[in-house]
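Chains C and Z supply the protein sequences, listed in that same order. Numbering (the numbering used here) for the first sequence: 15 to 425. Numbering (the numbering used here) for the second sequence: 1406 to 1518.
Do not rely on the hints blindly, as some may be mistaken.
[To be verified] In silico contact screen, one side only, chain C against chain Z (beta carbon under 8 Å); selected entries:
1) T109
2) V204
3) H207
4) L423
Treat the hints as calculated values from the structure; they're not laboratory data. Idealized CB from N, CA, C, for every residue including glycine.
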Amino acid sequence: MNSGDTTWVLTSAALVLLMTMPGLAFFYGGLVRRKNVLSALMQCFIILCVISLQWVLYGYSLTFGPDAGRGIIGGLEWAGLKGVGGQPFADYAATIPHYAFMIFQCMFAVITPALIIGTYAERIKFSGFLIFTILWATFVYDPLGHWVWGIGGWLRNLGALDFAGGIVVHTSSGVSALVLALLIGKRIGVDEHTFTPHNLPFTVLGGALLWFGWFGFNAGSALAANELAANAFVTTHVATAAAGLAWALIEWQQHGSPTVLGVVTGAVAGLVAITPACGFVNPMNAIFIGIFVSIFCYIAVARIKTKFKYDDSLDVFGIHGIGGIWGTIATGIFAEKAVNEAGANGLLFGNMQQFLVQCFLVLVAVTYAATMTWVLYKFVDALIGMRVEQKQEIIGLDLTQHSESAYTLVE
Amino acid sequence: MKYIVAIIQPHKLDEVMKALEDIEVNLVTVSTVLGRGRQKGLTEVYRGAKEAGTLLKKVKLEIAVNEDFVEPTVGAIVKGARTGEIGDGKIFVLDLFEVVRIRTGERGGKAIG
Chain C
15 MNSGDTTWVL TSAALVLLMT MPGLAFFYGG LVRRKNVLSA LMQCFIILCV
65 ISLQWVLYGY SLTFGPDAGR GIIGGLEWAG LKGVGGQPFA DYAATIPHYA
115 FMIFQCMFAV ITPALIIGTY AERIKFSGFL IFTILWATFV YDPLGHWVWG
165 IGGWLRNLGA LDFAGGIVVH TSSGVSALVL ALLIGKRIGV DEHTFTPHNL
215 PFTVLGGALL WFGWFGFNAG SALAANELAA NAFVTTHVAT AAAGLAWALI
265 EWQQHGSPTV LGVVTGAVAG LVAITPACGF VNPMNAIFIG IFVSIFCYIA
315 VARIKTKFKY DDSLDVFGIH GIGGIWGTIA TGIFAEKAVN EAGANGLLFG
365 NMQQFLVQCF LVLVAVTYAA TMTWVLYKFV DALIGMRVEQ KQEIIGLDLT
415 QHSESAYTLV E
Chain Z
1406 MKYIVAIIQP HKLDEVMKAL EDIEVNLVTV STVLGRGRQK GLTEVYRGAK
1456 EAGTLLKKVK LEIAVNEDFV EPTVGAIVKG ARTGEIGDGK IFVLDLFEVV
1506 RIRTGERGGK AIG
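Just chain C, same shape as in the assembly (with noise of 0.2 Å):
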């Protein structure tokens, strides 16, 4: 047991919360239309109460216990953390308690269902979103988690690599997202004219803690206070630096002037398309990762977007579905031993096979929560149902699902 390190996963554990309440909260509550900022805050709310729940008594045990089978689930042993505690369990982590290995997994599950929201914003109905939530976490995170993470997991014993999450908590909400966007439909009005940021400053605001709140997220991810989670905090911060450039530089470029939400747009892709990277390459090439990612979710949220006009309102798809497909695949480029004895050598290093087996990673976890997503939806839709009434849609979801306004007009 090593104090160092211990400090270093709690702290980063408290880091990751950080980033659902209040970085990502008010990073979308900037983005929605005034009568519905507080639907936004109050999921991501009451998801960090749900999810902190149903990860400390199945979800963890699902995802991190003991293999139930052909690297498909973990078993029940660790139902209720049953045999978790403040011992460290080796196969994970050595030199910190059983517990804040746990925990700091606790804000992963936590945030991965709360990126979703961006998808069906405005629209969506508070029980039907509660209850999809919970399922969502239980058939689509927890068993993609125990595939790519879990001792035993058939992903991992394939020898995939994904440092923090970028096809486990990016790529599947991303992809789940695009889905919920196409059943879900579009937004009242959303054909006739751009629904406008109600505030920007929030979105600003929510997006530096969400870059703050990663260095926990992915440097955390080394599970010690060593030289790895140093580099991947480095590679993390240049990353998104290069990405939050690139990105302006592409707008100015294109409309003549470069946007607050376009650099913090892009901020948020480079941090996604580094996340499965950032223990496994060198500083340099986590520029290029930044700068590519910016050009592949520029072009998804500008162009394929307004293209096929599916309303994925505020771009889960384009930012964590495109970013994190692309930081998996770029992790099988460029990927080194050298920076890591434990990963492998990407395509730029002459290993062919890694990059494949980063393809088939992406494959997989798309096929996987976009079938998954689809039933649950369907499920749920028929269940309770997924969509507020058009009349409530139009008076928001503030009023009309939480009896409450986020902003009076006179005293």
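Model the placement of chain Z on the given structure of chain C, informed by the hints.
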């Protein structure tokens, strides 16, 4: 000259503006207001304390027009704002005594548009 004041649903603003553009009425002042008609507001709850029938957000349009434009303008607002549901709003038409264009000092009908 008439002064037309319309209270409409916020989400119908774009359609009303479009309908006004179609009849070449481009000058309009818009503000966000709170209101309540026969449509009661929704109840809000803060830490268990209920606030019944809160005011709902509406949009107010103000348009000054010459006599020829009164009926087309009223028609355009109705066309853009009507859903058939309670809460669609009201239009008030008032007599307008004088208009002054600040830049030129012009008065009356020729200052209006």
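To see whether the hints hold, each was checked on the structure:
1. T109: Check failed: Cβ of C/T109 comes no nearer than 45 Å to chain Z, outside 8 Å.
2. V204: Violated: closest Cβ of chain Z sits about 11 Å from C/V204, beyond 8 Å.
3. H207: Hint holds; C/H207 Cβ to chain Z Cβ min 6 Å, cut 8 Å.
4. L423: Since chain Z brings a Cβ to about 5 Å from C/L423, closer than 8 Å, the hint holds.
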